[in-house]
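Undergrad: Sequence:
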Amino acid sequence: MSKKRNGLNVGTDLNGIFSVEDSENPIVVNPKSALSIEKALEIIVRQMRASGLRERTVHDYKTYVNDFVRKTDVEYLLAIGADAIYEWLGQMKVKDTTKRVRLKCFCAFLGKCFNNGWLNDMFWRNINIRVDEPIKVGATEDDVFNVLRQLDLSNFIELRDAAAILTMYQTGIRLATLSALEERHVDLENRLLRIDGALLKNRKVILLPFDMRLQKIFEVLFNQNMIIREEKGLENKFVFLTQQGKGIVNDESPKSNAIAKRLNYYKRKFGIENINPHALRRGFAKDIYKRSNGDLALVSKALGHSDFAVTARYLHLDPEEIADKLREFR
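Mapping the sequence shown onto the UniProt record's numbering, position 296 (from 1) lands on 296, and the numbers just tick up by one.
Derived by calculation from the structure, the hints in this document are not laboratory data.
Quantities reported herein were computed from a predicted structural model and do not represent experimental measurements.
Check each hint, because a few of them may be wrong.
[What the hints assert, rightly or not] Calculated pairs, SDA-like style, for lysine to any residue (alpha carbon to alpha carbon, straight line, at most 25 Å):
hint, residue 1, residue 2
1, Lys39, Lys104
2, Lys93, Cys105
3, Lys136, Leu35
4, Lys71, Leu35
5, Lys112, Ile127
6, Lys237, Lys112
7, Lys95, Tyr61
8, Lys237, Glu183
9, Lys237, Glu182
10, Lys136, Tyr266
11, Lys204, Val220
12, Lys39, Asp73
13, Lys204, Lys71
14, Lys112, Val74
15, Lys71, Gly52
16, Lys39, Trp124
17, Lys204, Ala108
18, Lys95, Leu78
19, Lys93, Asp121
20, Lys104, Arg125
21, Lys71, Asp60
22, Lys71, Gly81
23, Lys267, Gly247
24, Lys286, Lys71
25, Lys95, Lys261
26, Lys95, Tyr314
27, Lys136, Trp124
28, Lys246, Val220
29, Lys232, Gly247
30, Lys216, Arg191
31, Lys136, Glu75
32, Lys104, Glu75
Given these sequences and hints, build the entire structure.
TA: What follows is the structure, encoded as structure tokens:
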């Protein structure tokens with residue numbers, strides 16, 4: 001009697017067919033699987049600088065990516081997973097809003113890795129940190145002048161600070177733009193800031209007017225700047241200088257800014273909460289929005305935003321304001 005055949009038992013011995021020695025197509029390790037995070041960061045930083053991205057942005061990428069490597073011991077790019085990212089976030093002793101900023105930067109790095117073909121999927125897109133969004137109140141005119149009236153304008157540092165506060169409040173420029181302003185950007189005759197695209201986040205030229213009071217302060221400040229440069233033997237053309245005649249940004253630490261520190265000092269000294277660069281810019285936006293009867297397009301252009309959605313989020317319109325606007329259509 002013939003033996004019954006069993007379809008689940010394979011009679012031919014194929015063991016060893018996939019061994020490297022016998023295979024005509026030996027296993028080849030994909031080179032990108034061996035790409036270290038350190039090397040990927042080095043390449044991306046080079047690409048960012050070639051694209052003209054700001055040094056502060058580059059600094060953030062390097063800071064947060066290196067922090068991830070240090071705290072998770074993940075060395076290679078393809079070893080990064082959601083678990084490692086959550087482990088990194090879990091070790092941070094900071095507010096959730098700060099975690100979200102760091103996560104956004106790290107995910108942007110991973111996005112560039114994906115675009116370079118080093119990662120196969122965008123697994124990080126589902127990683128979120130939910131936080132309650134507080135309504136951020138901008139500086140008011142009263143806030144600004146409560147500080148300005150208490151400054152001694154015969155003192156160079158306080159004169160400079162007064163000019164910086166008024167410039168940010170009247171023009172809405174970012175702290176980074178303020179720090180890079182040169183005297184050629186200030187048209188005293190026509191009372192305009194003529195800011196070229198190289199200084200702005202969106203790379204577009206913008207003209208921003210200021211009043212006669214700031215015009216006078218600029219005239220005095222420029223004269224003092226000239227005296228300080230001569231004393232220190234420097235030739236820069238920055239509008240805002242330290243008492244040593246240098247720019248207000250620390251080259252070794254882009255986030256260290258003399259004006260930001262002074263505003264924090266005034267906030268504590270005078271007990272005025274909304275005196276910081278973001279509050280001054282937001283105050284400018286809210287003021288223009290109200291004076292223009294809610295012209296979002298004008299505010300967006302003045303702030304240099306890429307689209308209205310960014311401006312709408314930036315204004316943080318409170319529920320009453322939204323209701324008032326909707327009531328106009330009823």
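Undergrad: Holds or violated: are the alpha carbons of Lys39 and Lys104 at most 25 Å from each other?
TA: It holds: about 21 Å lies between the C-alpha atoms, which stays within 25 Å.
Undergrad: Next pair to validate is Lys95 with Leu78; report whether the Cα-Cα distance is within 25 Å.
TA: violated, 29 Å
Undergrad: Taking only the CA atoms, is the gap from Lys136 to Glu75 under or equal to 25 Å?
TA: Violated, at about 39 Å.
Undergrad: Within a Cα-Cα threshold of 25 Å, do Lys232 and Gly247 meet the stated pairing?
TA: Holds: Lys232 and Gly247 sit about 13 Å apart, inside 25 Å.
Undergrad: Holds or violated: Lys112 with Ile127, Cα cutoff 25 Å?
TA: Since the Cα atoms of Lys112 and Ile127 sit roughly 17 Å apart, the hinted pair holds (cutoff 25 Å).
Undergrad: With a cut-off of 25 Å on the C-alpha distance, tell me whether Lys39 and Trp124 pass.
TA: It holds: about 20 Å lies between the C-alpha atoms, which stays within 25 Å.
Undergrad: Can the restraint linking Lys237 and Glu182 be considered satisfied, given a maximum Cα separation of 25 Å?
TA: holds, 5 Å
Undergrad: Take the C-alpha atoms of Lys267 and Gly247, compute the straight-line distance between them, and say whether it is at most 25 Å.
TA: Given that 25 Å is the threshold and the Cα spacing comes to 23 Å, the pair holds.
Undergrad: Lys71 and Leu35: Cα distance at most 25 Å?
TA: Satisfied, since the Cα-Cα distance of roughly 19 Å is no more than 25 Å.
Undergrad: Are the Cα atoms of Lys216 and Arg191 separated by 25 Å or less?
TA: Roughly 10 Å between the alpha carbons, so the hint for Lys216 and Arg191 holds.
Undergrad: Given the hint that Lys104 pairs with Arg125, does the C-alpha gap stay at or below 25 Å?
TA: Satisfied, since the Cα-Cα distance of roughly 10 Å is no more than 25 Å.
Undergrad: Please work out if Lys136 and Leu35 have their alpha carbons no farther apart than 25 Å.
TA: violated, 42 Å
Against the hints set out earlier in the document, violations occur for numbers 3, 6, 11, 13, 15, 18, 19, 24, 27, 31.
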